[in-house]
Amino acid sequence: MSAANKEIGPPVIELGVMGWLRKNLFSNWYNSLLTIFGLYLLYILIPPLVNWIFLDANFVGSTRDDCTNEGACWIFIQQNIKLIFYGLYPTEELWRINFVYLILFISGVYLLIPNLKHKGWVGAFLLIIFPIICVVMLSGGLGLEAVETRLWGGLFLTLVIAGVGIVLSLPIGVMLALGRRSKLPVVSILCTIFIEIWRGVPLITVLFMASNMFPLFMPEGVNFDKLIRALIGVMFFSAAYLAEVVRGGLQAMPKGQYEASQAVGLTYWRMMALVILPQSLKMVIPAIIGSFIAIFKDTTLVLVIGLFDFLGIIQFVGTNPDWLGFSHEGYVFAAAVFWVFCYGMSWYSQRLEKKLDTGR
Amino acid sequence: MNTMRISFLGLVCSVLMVPAAFAGTLDTVKSQGFFNCGVSQGVPGFSNPDADGNWSGIDVDVCRAVSAAIFGDPDKVKYVPLTAKERFTALQAGEIDVLSRNTTWTLSRDAQIGLEFAGVNFYDGQGFMVRKDSGITSAMELDGASVCTNLGTTTELNMADFFRANGMAYEPVVFEKADEVVNAYDEGRCDTYTTDKSGLAAQRTKLADPDAHVVLPETISKEPLGPVVREGDGDWADVVRWSLNAMIEAEEFGLTQSNAQTTCAMTSNPVVARLCGKEGGTGAGLNLGESWSYDIVTKVGNYGDVYEKHVGENTPVGLARAGSPNASYKNGGVLYAPPAR
Numbered sequence: 001m002s003a004a005n006k007e008i009g010p011p012v013i014e015l016g017v018m019g020w021l022r023k024n025l026f027s028n029w030y031n032s033l034l035t036i037f038g039l040y041l042l043y044i045l046i047p048p049l050v051n052w053i054f055l056d057a058n059f060v061g062s063t064r065d066d067c068t069n070e071g072a073c074w075i076f077i078q079q080n081i082k083l084i085f086y087g088l089y090p091t092e093e094l095w096r097i098n099f100v101y102l103i104l105f106i107s108g109v110y111l112l113i114p115n116l117k118h119k120g121w122v123g124a125f126l127l128i129i130f131p132i133i134c135v136v137m138l139s140g141g142l143g144l145e146a147v148e149t150r151l152w153g154g155l156f157l158t159l160v161i162a163g164v165g166i167v168l169s170l171p172i173g174v175m176l177a178l179g180r181r182s183k184l185p186v187v188s189i190l191c192t193i194f195i196e197i198w199r200g201v202p203l204i205t206v207l208f209m210a211s212n213m214f215p216l217f218m219p220e221g222v223n224f225d226k227l228i229r230a231l232i233g234v235m236f237f238s239a240a241y242l243a244e245v246v247r248g249g250l251q252a253m254p255k256g257q258y259e260a261s262q263a264v265g266l267t268y269w270r271m272m273a274l275v276i277l278p279q280s281l282k283m284v285i286p287a288i289i290g291s292f293i294a295i296f297k298d299t300t301l302v303l304v305i306g307l308f309d310f311l312g313i314i315q316f317v318g319t320n321p322d323w324l325g326f327s328h329e330g331y332v333f334a335a336a337v338f339w340v341f342c343y344g345m346s347w348y349s350q351r352l353e354k355k356l357d358t359g360r
Numbered sequence: 361m362n363t364m365r366i367s368f369l370g371l372v373c374s375v376l377m378v379p380a381a382f383a384g385t386l387d388t389v390k391s392q393g394f395f396n397c398g399v400s401q402g403v404p405g406f407s408n409p410d411a412d413g414n415w416s417g418i419d420v421d422v423c424r425a426v427s428a429a430i431f432g433d434p435d436k437v438k439y440v441p442l443t444a445k446e447r448f449t450a451l452q453a454g455e456i457d458v459l460s461r462n463t464t465w466t467l468s469r470d471a472q473i474g475l476e477f478a479g480v481n482f483y484d485g486q487g488f489m490v491r492k493d494s495g496i497t498s499a500m501e502l503d504g505a506s507v508c509t510n511l512g513t514t515t516e517l518n519m520a521d522f523f524r525a526n527g528m529a530y531e532p533v534v535f536e537k538a539d540e541v542v543n544a545y546d547e548g549r550c551d552t553y554t555t556d557k558s559g560l561a562a563q564r565t566k567l568a569d570p571d572a573h574v575v576l577p578e579t580i581s582k583e584p585l586g587p588v589v590r591e592g593d594g595d596w597a598d599v600v601r602w603s604l605n606a607m608i609e610a611e612e613f614g615l616t617q618s619n620a621q622t623t624c625a626m627t628s629n630p631v632v633a634r635l636c637g638k639e640g641g642t643g644a645g646l647n648l649g650e651s652w653s654y655d656i657v658t659k660v661g662n663y664g665d666v667y668e669k670h671v672g673e674n675t676p677v678g679l680a681r682a683g684s685p686n687a688s689y690k691n692g693g694v695l696y697a698p699p700a701r
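Chains as they are written, first to last, in our numbering: chain A, 1 to 360; chain B, 361 to 701.
Certain hints may be false.
Derived pair list, reagent style DSSO-like, types lysine-lysine, alpha-carbon separation capped at 27 angstroms [as the list claims (entries may be wrong)]:
1. B/K537 - A/K297
2. B/K566 - B/K669
3. B/K445 - B/K566
4. B/K492 - B/K436
5. B/K669 - B/K438
6. A/K82 - B/K669
7. A/K282 - A/K117
8. A/K354 - A/K117
9. A/K297 - B/K445
10. A/K183 - A/K255
11. B/K438 - A/K82
12. B/K445 - B/K537
13. A/K282 - A/K255
14. B/K566 - A/K82
15. A/K82 - B/K436
16. A/K297 - A/K354
17. B/K566 - B/K492
18. B/K659 - B/K669
Hints are computed from structural coordinates only; laboratory data are not their basis. Keep in mind the model is a prediction, meaning the values are calculated, not measured.
Could you put the whole structure together from the sequences, leaning on the hints where they help?
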């Protein structure tokens with residue numbers, strides 16, 4: 001009996017690294033097989049990739065002749081970095097873009113640091129004054145030389161399109177969602193038609209219409225700026241998607257919330273702004289951020305209307321006869337930068353979810 | 361209410377819209393001090409960015425020549441990158457004044473869609489590239505070959521025509537994008553790769569070992585590429601046409617960018633004197649200054665200068681000019697300019 005009472009630990013084989021491996025990777029024969037196959041895949045994929053990207057790569061030099069090693073020729077990116085980041089924007093005016101980045105960066109960091117005062121003011125500044133600064137600084141005015149949008153490009157243009165699309169589409173999307181659930185038939189029908197039409201066409205079609213068909217409807221010599229046409233298209237397109245995401249959140253709210261707020265005498269708008277929307281938007285944060293990430297990546301489609309976004313400009317600099325044949329480097333670099341931005345958004349959404357999680 | 365709405369619309373319109381151009385293009389261009397030139401989104405040697413992000417290439421130089429002819433300055437041009445699909449719309453809608461975007465001159469385009477071709481600045485045509493070690497020296501030996509090419513282009517149709525006309529079998533291997541086609545060919549997934557010869561030459565530099573490949577001599581299609589303007593504006597078409605012709609004729613008479621200044625100072629040849637703007641009054645007929653052709657040659661170069669600078673044998677594009685249709689008629693090509701007099 002005493003032997004049976006003695007405390008026996010789990011078998012050695014279930015402890016430590018071995019135990020973990022056994023439990024998670026080799027629990028039965030087919031899992032073991034999959035593990036070995038996975039390891040083999042990593043073995044044949046990772047070392048050549050690391051060699052190509054880092055170990056055998058060329059980092060120093062100024063022409064293609066300096067790329068003597070087997071691996072990637074990062075000199076291609078390095079020599080064209082100004083084009084890739086800013087497009088054809090005049091070199092002597094680049095400080096204007098950098099200035100805008102700086103303001104955005106400072107206020108962004110301010111908002112991210114917890115427990116600082118006046119965050120509301122900084123937020124209001126970003127939403128109201130900052131866009132005006134952007135327009136003046138980037139396109140010119142108030143004594144600054146005008147820079148036409150046809151010179152905008154690269155990562156800068158991608159950020160402009162994605163930024164405008166994201167910032168403007170959310171409020172429009174919320175209004176559309178409320179409109180679709182409205183009890184007023186006209187409002188509800190119009191919103192439904194709007195949403196379904198924009199969701200029913202691919203973004204590439206929207207951009208195509210904006211760039212190819214629209215000019216034909218206008219009298220000769222009358223031109224809207226191509227970038228504005230694209231921005232409006234992207235904005236409405238993503239607003240339609242966001243509207244449905246937000247509507248999902250609204251429908252998930254228990255009926256009691258509506259009735260309770262009406263019972264305390266809140267008007268429709270106060271009820272929505274104070275009770276319903278804060279809760280329902282919180283519920284759909286992952287889906288909203290998902291839409292934002294999709295918009296960010298969809299900006300690459302503006303290539304089909306002759307705007308050079310980040311990916312487009314990388315393909316474009318690759319057509320310089322001095323740098324032919326480096327498309328692999330370009331695409332890998334583009335993928336890395338896109339990943340950084342998209343993961344950044346994803347990280348922020350997780351942080352926001354944790355912060356707003358009031359433990360329901 | 362209605363009048364208010366209309367006046368509001370009018371306000372919006374007047375803010376958003378550029379004044380309509382009803383005058384002739386040349387007058388408008390002169391008064392605004394620049395013109396818009398539609399180019400590609402990057403075709404090596406034709407219109408591509410240089411190291412500083414400026415546009416360069418032989419298509420770009422057509423626009424620079426027009427600018428030099430009008431303003432005496434080759435850089436009064438605003439370049440508008442266009443996709444193949446939007447290029448004609450952009451021209452018709454007045455977004456651009458000249459389209460210089462490796463556009464093939466065909467009857468249907470000239471006759472039907474309100475365009476006017478102002479000349480030919482590059483005679484292209486479809487060709488084949490093969491591996492040197494395959495031993496193939498002529499396209500006629502390609503019976504049974506697998507052929508890599510782009511999906512849904514005239515390239516694919518020309519290829520089908522060629523093989524059918526010669527009673528040969530082939531196996532098409534098609535891809536959406538040029539890069540994919542090149543990779544597939546490089547990896548040996550097909551025996552030969554076909555596209556326009558200018559494209560073949562540019563794509564060859566992307567191959568792992570460019571010297572192991574050769575472009576076959578046959579050209580199976582005619583692709584005369586040239587600048588395009590809107591139909592119904594003869595004065596403007598003349599300016600573009602003769603800017604191009606002046607570049608070609610300057611080469612025929614040995615007037616180059618480097619020797620133009622000295623040659624013009626001491627020439628006794630009346631044709632050269634006319635090109636130098638010293639006699640003949642050619643500018644008046646085009647509503648341009650008398651030095652228009654001299655400005656083109658000194659500031660942009662003659663056709664040969666431009667060709668060698670952007671696509672010639674010493675460039676990465678490496679298109680040999682001798683023996684090709686792009687050689688001057690004096691050297692067996694078909695490049696021939698009507699006299700500027």
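Against the structure, the hints:
no.: 1; hint: B/K537 - A/K297; in the structure: holds, 20 angstroms
no.: 2; hint: B/K566 - B/K669; in the structure: holds, 20 angstroms
no.: 3; hint: B/K445 - B/K566; in the structure: holds, 26 angstroms
no.: 4; hint: B/K492 - B/K436; in the structure: violated, 46 angstroms
no.: 5; hint: B/K669 - B/K438; in the structure: holds, 22 angstroms
no.: 6; hint: A/K82 - B/K669; in the structure: holds, 24 angstroms
no.: 7; hint: A/K282 - A/K117; in the structure: holds, 23 angstroms
no.: 8; hint: A/K354 - A/K117; in the structure: holds, 21 angstroms
no.: 9; hint: A/K297 - B/K445; in the structure: holds, 23 angstroms
no.: 10; hint: A/K183 - A/K255; in the structure: holds, 15 angstroms
no.: 11; hint: B/K438 - A/K82; in the structure: holds, 20 angstroms
no.: 12; hint: B/K445 - B/K537; in the structure: holds, 15 angstroms
no.: 13; hint: A/K282 - A/K255; in the structure: holds, 17 angstroms
no.: 14; hint: B/K566 - A/K82; in the structure: holds, 23 angstroms
no.: 15; hint: A/K82 - B/K436; in the structure: holds, 23 angstroms
no.: 16; hint: A/K297 - A/K354; in the structure: holds, 25 angstroms
no.: 17; hint: B/K566 - B/K492; in the structure: holds, 16 angstroms
no.: 18; hint: B/K659 - B/K669; in the structure: holds, 14 angstroms
When held up to the earlier numbered hints, the structure conflicts with hint 4 and nothing else.
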